[in-house]
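Chemist: All chains should be modelled from the sequences, with the hints used to inform the complete structure.
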Amino acid sequence: MDTEQKYRVAPPGFTMDQWETFNKDGIIFIEDAISDEDVQTYIDAIDRVAANNPKYTPGGYLGMQNIVERDPVFAGLIDHERHVGYAYDLFGELLKLHISQFFLRPPGGKQYNQWHPDGARALPYGVFSPELPLQIKVGYWLTDLPRPKMGNLVVLPGSHRHQYMEGYDTHESVPGEMIVCPRKGTMTVMHSSIW
Numbered sequence: 001m002d003t004e005q006k007y008r009v010a011p012p013g014f015t016m017d018q019w020e021t022f023n024k025d026g027i028i029f030i031e032d033a034i035s036d037e038d039v040q041t042y043i044d045a046i047d048r049v050a051a052n053n054p055k056y057t058p059g060g061y062l063g064m065q066n067i068v069e070r071d072p073v074f075a076g077l078i079d080h081e082r083h084v085g086y087a088y089d090l091f092g093e094l095l096k097l098h099i100s101q102f103f104l105r106p107p108g109g110k111q112y113n114q115w116h117p118d119g120a121r122a123l124p125y126g127v128f129s130p131e132l133p134l135q136i137k138v139g140y141w142l143t144d145l146p147r148p149k150m151g152n153l154v155v156l157p158g159s160h161r162h163q164y165m166e167g168y169d170t171h172e173s174v175p176g177e178m179i180v181c182p183r184k185g186t187m188t189v190m191h192s193s194i195w
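Numbered per the working numbering, the sequence shown finishes at 195, counting up by one with no gaps.
Mixed in with the good hints, there may be bad ones.
As the list claims (entries may be wrong) - Heads up, simulated DSS-like pairs for lysine-lysine below, C-alpha to C-alpha not over 30 Å straight-line:
id, residue 1, residue 2
1, LYS149, LYS6
2, LYS110, LYS184
3, LYS96, LYS24
4, LYS137, LYS149
5, LYS55, LYS6
6, LYS137, LYS110
7, LYS55, LYS110
8, LYS137, LYS184
9, LYS137, LYS55
10, LYS55, LYS24
11, LYS6, LYS110
12, LYS149, LYS55
13, LYS24, LYS137
14, LYS24, LYS184
15, LYS149, LYS24
16, LYS110, LYS149
17, LYS184, LYS55
18, LYS137, LYS6
Said to hold, decoys possible - Label pairs and their in silico Cβ distance ranges:
id, residue 1, residue 2, range
19, ASP118, THR143, 14 to 22 Å
20, ALA75, PRO11, 29 to 37 Å
21, GLY176, PRO58, 30 to 38 Å
22, THR15, ARG161, 19 to 27 Å
23, HIS98, ARG161, 33 to 41 Å
24, GLY76, GLU20, 24 to 32 Å
25, ASP36, GLU166, 39 to 47 Å
26, ALA51, MET165, 33 to 41 Å
Rather than coming from a laboratory, the hints here were simulated on the basis of the structure.
In this text, all values refer to a predicted model and were calculated from it rather than measured experimentally.
Glycine residues also receive a C-beta, built at the ideal position from the N, C-alpha and C atoms.
Modeler: Dropping the structure here:
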């Protein structure tokens, strides 16, 4: 009789407080989630992938998608215990990786994104799921971003509960926006409908 375990138990995901914050704001921050050693491993992998991209200029902006196929380090993140419990809490065994990407955004750069949600907009999410997100986005912050204008993420907390916001298709500041200034090693879990 084969007694070897053929499955993995999902690691812990949301605490009650995290779930409450996630539902209210659409994003949570887990500081010190990533060790310094792992941060350096991920930076080294990004550097390798960037160096092989003919469009990359050192010190310039670079955004790349489908990174799990570009370096084994990224493939190891597909179901990493650090974050997969959060996805499992929402989607159970039906979770899947939709997109993998990284961004190199130098401080003081001129690259700005327009306001947008990070999920599909063909139909409003509320049609399919009025409460739970259809997608989440997990972010790993590998450098300190102690102040604005350093390539920061900007979000509008609570906006995941609305289908539209006035700043859509602009990159102008909006009342209530949060300029994310994480420390190196922070992990974010974001509702993909947040603006």
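Chemist: Give a verdict on every hint.
Modeler: The hints, checked one at a time:
Proposed proximity of LYS149 and LYS6 is contradicted: the alpha carbons are some 48 Å apart, above 30 Å. Between LYS110 and LYS184 the CA atoms are separated by roughly 22 Å; this keeps the pair inside 30 Å, and the hint holds. At roughly 24 Å between alpha-carbon atoms, LYS96 and LYS24 fall within 30 Å of each other, so this suggested pair holds. For the proposed pair LYS137 and LYS149, the alpha carbon gap of about 22 Å is at most 30 Å, so the pair holds.
Our distance criterion of 30 Å between C-alpha atoms is broken by LYS55 and LYS6, whose separation comes to about 43 Å. For the proposed pair LYS137 and LYS110, the alpha carbon gap of about 24 Å is at most 30 Å, so the pair holds. Only pairs whose Cα atoms come within 30 Å are accepted, and LYS55 paired with LYS110 is accepted, the gap being roughly 17 Å. Proposed proximity of LYS137 and LYS184 is supported: the alpha carbons are some 18 Å apart, at most 30 Å.
Annotation: proposed proximity of LYS137 to LYS55 holds, straight-line Cα distance about 26 Å (limit 30 Å). Only pairs whose Cα atoms come within 30 Å are accepted, and LYS55 paired with LYS24 is rejected, the gap being roughly 40 Å. Between LYS6 and LYS110, the direct Cα distance comes to roughly 50 Å. Violation of the 30 Å bound is thereby established for this hinted pair. Under the criterion of a C-alpha separation no larger than 30 Å, the hint pairing LYS149 with LYS55 is consistent with the structure, at around 23 Å.
About 16 Å separates the Cα atoms of LYS24 and LYS137, which keeps this hinted pair within 30 Å; it holds. In summary, the hint linking LYS24 to LYS184 is supported, as the alpha carbons are separated by about 25 Å, within the 30 Å threshold. In summary, the hint linking LYS149 to LYS24 is supported, as the alpha carbons are separated by about 26 Å, within the 30 Å threshold. With a CA separation close to 9 Å, the supplied pair LYS110 and LYS149 stays within the 30 Å bound.
The suggested pairing of LYS184 with LYS55 holds, with an alpha-carbon distance near 26 Å, which does not exceed 30 Å. Distance hint between LYS137 and LYS6 is fulfilled; the C-alpha atoms sit about 28 Å from each other, no more than 30 Å. Taking 14 to 22 Å as the suggested C-beta distance range, the pair ASP118 and THR143 conforms, at roughly 21 Å. Taken as a hint, the range 29 to 37 Å is violated for the pair ALA75 and PRO11, whose Cβ atoms sit roughly 18 Å apart.
Here the CB-CB span from GLY176 to PRO58 is close to 36 Å, well matched to the stated 30 to 38 Å. In this structure the supplied range 19 to 27 Å holds for THR15 paired with ARG161, their Cβ-Cβ distance being about 21 Å. Checked against the hint of 33 to 41 Å, the C-beta distance between HIS98 and ARG161 comes to roughly 21 Å, which is inconsistent with it. In this structure the hint that GLY76 and GLU20 lie 24 to 32 Å apart at CB holds, the actual value being about 31 Å.
About 41 Å separates the C-beta atoms of ASP36 and GLU166, a value consistent with the hinted range of 39 to 47 Å. Distance hint check: the CB atoms of ALA51 and MET165 are about 38 Å apart, consistent with the given range 33 to 41 Å.
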